[in-house]
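In order, the protein sequences belong to chains H and S. Its first residue numbered 0, the first sequence is counted upward by one per residue in numbering that gives the first Met the number 0. Its first residue numbered 0, the second sequence is counted upward by one per residue in numbering that gives the first Met the number 0.
Simulated from the structure, these hints should not be mistaken for lab results. Please note that the accuracy of each hint is not assured.
Stated by the list, open to error - As a list, the in silico DSS-like pairs of lysine-lysine whose alpha-carbon atoms are at most 27 Å apart:
1) H:Lys558 <-> H:Lys181
2) S:Lys15 <-> H:Lys16
3) H:Lys94 <-> H:Lys300
4) H:Lys300 <-> H:Lys173
5) H:Lys16 <-> H:Lys761
6) S:Lys80 <-> H:Lys122
Stated by the list, open to error - For the chain S half of the interface with chain H, some residues (derived, Cβ under 8 Å), not all of them:
7) Thr30
8) Gly35
9) Glu71
10) Val73
11) Glu76
12) Phe91
13) Leu97
14) Cys99
15) Gly100
16) Pro104
17) Glu124
18) His127
19) Arg135
20) Tyr139
21) His140
On a predicted model such as this, the values are computed, not experimentally measured, just so you know. We put the beta carbon where it would ideally sit given N, CA and C, even for glycine.
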Amino acid sequence: MTAATTTTYIGARVPRKEDPRLITGDGLFTDDVTLPGMVYVSLVRSPHAHARIRRIDTTAATEEPGVVAVLTGKELEATGALPVFITVPSMNGSKHMPITTDKARYAGDAVAAVVAESRDAAKRAADAVTVDYEPLPVVVDATKALEPGAPIVHEEMKSNLVFTYPVKGGDVDKAFRDADVKVKLRLVNQRLIPNAMEPRAAVAKFEAGELTLWSTTQIPHFVQLIVALNLGLSQNKVRVIAPEVGGGFGSKLQVYAEELIVGHLAKTLGRPVKWTEERREGYLATIHGRDHVSDVELAAKRDGTILGLRVRTVANMGAYLQAFAPGIPTILHVFVVPGAYRIPAFDYEMRGAYTNTTPVDAYRGAGRPESAYVIERAIDRLADEIGMDPAEVRRRNFIPADAFPFNTISGLTYDSGDYAPALERALAMADYKGFEKRRAEAKARGNYRGIGISSYVEICGLAPSKANSALGVGWGGYESARIRVHPTGAVQVFTGTSPHGQSHETSWAQIAADALGITPNDIEVRHGDTFESPGMGVGTFGSRSLAVGGIEVHKAAEKVREKVIQIGAHLLEASPDDMVVEGGKVFVKGVPDKAKNFGDISMAAYLANNLPEGMEPGLEATVYYDPPNFTFPFGTHIAEVEIDGETGAVELVNYSACDDCGRQINPMIVEGQLHGGITQGIGQALYEAAIYDDNGQLLSGSMMEYHVPTAENVPAFKLDHTMTLTTTNPLGVKGIGEAGTIGSTPAVANAVIDALSPLGIKHLDMPFTPEKVWRAIETAGGEGRR
Amino acid sequence: MGQAITVTINGAKQTKDVEPTQLLVELLRDTLGLTGTHVGCDTSQCGACTVLVDGRATKSCTILAVQTDGAEVVTVEGLAKNGELHPVQRAFASEHALQCGFCTPGLLITAVDFLARNPTPTDSEIRHAIEGNLCRCTGYHNIVNAVRSAAEMMTTTAQPKVAAGVKR
């Protein structure tokens with residue numbers, strides 16, 4: 000490497016390159032794609048959570064005006080099943096057809112598809128499809144699903160057990176024998192509905208043997224691969240485009256039935272086909288998240304030292320395994336449960352269960368919010384039990400800064416970390432010391448005030464392909480990037496990552512700009528189109544894009560930079576070692592007048608008549624990058640709540656967070672990711688819950704019954720950061736997409752329980768709705784304002 | 000059977016045949032191709048479809064197209080004038096008040112209406128004003144900053160006119 004890259008734009012609050020089109024209505028989302036001759040799909044979905052399909056009569060539907068075709072699962076059998084990309088040991092995989100043929104296994108399972116000339120005609124005709132169902136006994140609760148005699152969701156299996164996933168380290172039995180204190184908790188991490196603001200949609204056209212599919216996806220390359228394989232097309236004849244994607248949070252990290260259905264229909268009908276999800280339909284047919292019930296036991300000494308942790312969890316997987324589902328409660332959850340603490344003994348057994356509910360997969364944080372909830376609630380229970388400040392219990396158990404790289408009891412290697420400073424800065428921001436005075440003031444008002452801490456560590460940057468493979472992940476953990484400099488000096492960065500709000504166009508341009516000595520405005524970042532991608536891309540999820548995809552943009556830019564230096568030195572008749580790449584120029588160090596413009600260099604690369612001996616013409620680089628390890632962002636979040644003593648309403652009055660995502664490429668974007676993530680975590684703690692009745696009907700079936708937080712439900716956030724660079728990659732970046740969601744839920748929960756602790760309340764399950772809190776206060780004999 | 004309505008959309012008067020059941024958002028998106036207005040739910044909760052109808056922020060999924068006969072409708076595509084962005088649009092970009100951008104058109108419109116009626120709002124008034132617009136990405140923090148910042152921009156540029164006419 001010659002002269003080091005300067006960091007002019009890395010770390011700067013560069014305005015977003017995405018914004019001009021999005022604030023003027025120019026952005027193209029999937030449902031905005033309208034093509035001549037287009038037909039529309041409406042799906043017939045089972046109203047029963049579990050029912051055998053005796054007969055489907057499509058005659059009346061076919062006769063409805065405007066109907067083009069009616070499909071049942073039989074016609075789609077040849078397209079094959081939906082994919083599952085992760086296989087964990089002892090897993091009983093489910094066969095998941097795009098349209099079910101034998102049974103409906105959850106309310107919302109697709110049983111037929113209707114194609115018509117208009118959306119309305121398709122909906123009307125879908126209502127005219129008659130399905131003769133034989134309702135079967137239903138199981139909704141995952142623990143009950145594992146009991147003998149439970150209704151079996153997949154009859155070819157003997158039980159609903161998807162997997163048993165044990166992870167052990169140290170001698171837990173001894174830890175509990177030696178303990179002064181043991182605390183025990185049953186934690187319900189309730190089911191959530193992701194609610195990306197853009198409903199899912201898919202549009203397909205088939206022309207000249209080539210299928211183009213626009214889809215609301217986080218993983219266009221995986222969709223391309225599966226659509227090609229399942230529809231019998233050569234992969235080079237399937238173009239998947241993820242245009243603007245209106246949020247995902249894991250819910251678009253799938254290959255969904257509808258993508259295969261519109262692809263199949265476009266191919267067989269020869270007309271463009273569109274399907275757009277309605278919100279209520281999405282509540283049934285788009286994946287849900289979380290849904291764990293955990294029994295947690297913590298063994299400790301009286302001085303707060305943790306000796307051991309034992310956890311038994313049942314994860315509700317829903318009716319079918321989705322693409323990444325087996326990895327969420329296992330790989331992304333169990334290993335990181337020990338969190339920021341030195342825990343000498345660990346025994347975790349996770350079991351997954353099929354139920355007659357919507358499939359569960361990744362939702363922002365995906366397993367890690369559940370981890371933080373387990374350990375951070377347990378630590379607060381311990382603090383309460385031994386009468387110690389919860390901040391002090393955390394300090395006493397943190398992995399010390401000089402212990403990194405640190406091998407955790409669960410088998411991970413944290414490359415770096417420094418947890419105490421983040422805690423102390425968050426405590427200072429939250430005026431933790433002054434809290435008891437505020438609690439007393441609230442009490443005088445008849446209210447209960449509480450403060451809650453959560454010090455999380457998460458695992459992201461997925462990740463080394465070999466580690467993935469050892470864990471059962473059936474895909475590589477790399478990303479791909481290509482930088483193409485045109486003869487005029489115009490620069491395009493192509494990335495395999497696929498943003499849907501994460502601002503990659505801006506951040507990736509900042510990274511490339513610094514390496515190439517130009518500005519982010521000189522660089523166009525292109526993504527989400529498999530026909531112009533650098534190669535195979537993996538996609539955007541698990542806070543991986545920067546730590547994997549951003550690094551290869553950096554590496555590709557360094558390669559181009561090296562060639563720019565070589566050409567510049569050749570043209571300037573100077574040594575490459577003396578070259579500076581800066582301000583759109585290449586010049587000799589100390590002699591800025593002896594310079595070539597960036598465009599002169601690129602033109603020379605393509606004229607190719609005066610290049611260094613043996614150099615290939617052209618100016619571009621393609622990089623595949625496979626990271627050597629995961630990354631481990633961390634931080635401390637502190638929530639302060641005041642509970643109305645009369646109504647039980649919880650008001651979140653203060654929120655402070657100090658996070659460490661390593662080097663920040665654009666602090667403005669980092670803060671935005673935190674604000675949104677924190678709000679989603681607050682949503683789980685205070686407002687959100689997917690609720691089924693015993694018949695498997697989703698009672699929280701629309702935005703009227705499921706409360707997505709509004710602007711009035713959350714406060715302004717106080718943010719700070721520390722910067723501990725990861726040693727895993729050359730930029731020291733770790734990832735920030737999910738940190739807010741992981742840190743916030745336990746902080747709010749701990750604050751609510753802290754507020755109620757004077758009443759002797761030790762635990763309540765989320766969400767802390769006014770009714771639930773009011774009942775708890777009443778039962779505990781709270782005084783309130785009465 | 001269709002019914003002819005005349006409606007001014009983003010300054011252009013148009014006469015269109017609409018079905019009696021057609022929603023305003025369907026007229027905008029499907030008939031006129033104004034796809035900047037989005038549909039995010041089916042229960043009038045999310046506010047992604049908010050447009051100005053005679054100056055008032057209105058969820059276009061909750062009003063029939065025929066009800067806008069004779070009205071003036073402004074969508075996100077009509078906020079910029081003569082190539083110059085509305086201060087609310089500028090503020091949303093400068094304050095990083097959008098991420099995926101799906102809810103943004105509705106929020107911009109809501110903010111424009113709100114600031115027309117309350118040019119110097121407090122933060123809690125801003126939060127109340129936008130509570131009918133859901134955003135899953137930003138946690139609202141920067142949206143509140145953007146609306147406040149737009150209010151400041153708009154009052155600063157408006158002030159000289161006022162000051163010229165009023166002796167203090």
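A quick look at each hint next to the structure:
no.: 1; hint: H:Lys558 <-> H:Lys181; verdict: violated, 56 Å
no.: 2; hint: S:Lys15 <-> H:Lys16; verdict: violated, 37 Å
no.: 3; hint: H:Lys94 <-> H:Lys300; verdict: violated, 48 Å
no.: 4; hint: H:Lys300 <-> H:Lys173; verdict: holds, 13 Å
no.: 5; hint: H:Lys16 <-> H:Lys761; verdict: violated, 49 Å
no.: 6; hint: S:Lys80 <-> H:Lys122; verdict: violated, 39 Å
no.: 7; hint: Thr30; verdict: violated, 11 Å
no.: 8; hint: Gly35; verdict: holds, 2 Å
no.: 9; hint: Glu71; verdict: violated, 17 Å
no.: 10; hint: Val73; verdict: violated, 11 Å
no.: 11; hint: Glu76; verdict: holds, 4 Å
no.: 12; hint: Phe91; verdict: holds, 5 Å
no.: 13; hint: Leu97; verdict: holds, 6 Å
no.: 14; hint: Cys99; verdict: holds, 3 Å
no.: 15; hint: Gly100; verdict: holds, 3 Å
no.: 16; hint: Pro104; verdict: holds, 6 Å
no.: 17; hint: Glu124; verdict: violated, 11 Å
no.: 18; hint: His127; verdict: holds, 6 Å
no.: 19; hint: Arg135; verdict: holds, 5 Å
no.: 20; hint: Tyr139; verdict: holds, 4 Å
no.: 21; hint: His140; verdict: holds, 4 Å
Of the numbered hints listed earlier, those contradicted by the structure are 1, 2, 3, 5, 6, 7, 9, 10 and 17.
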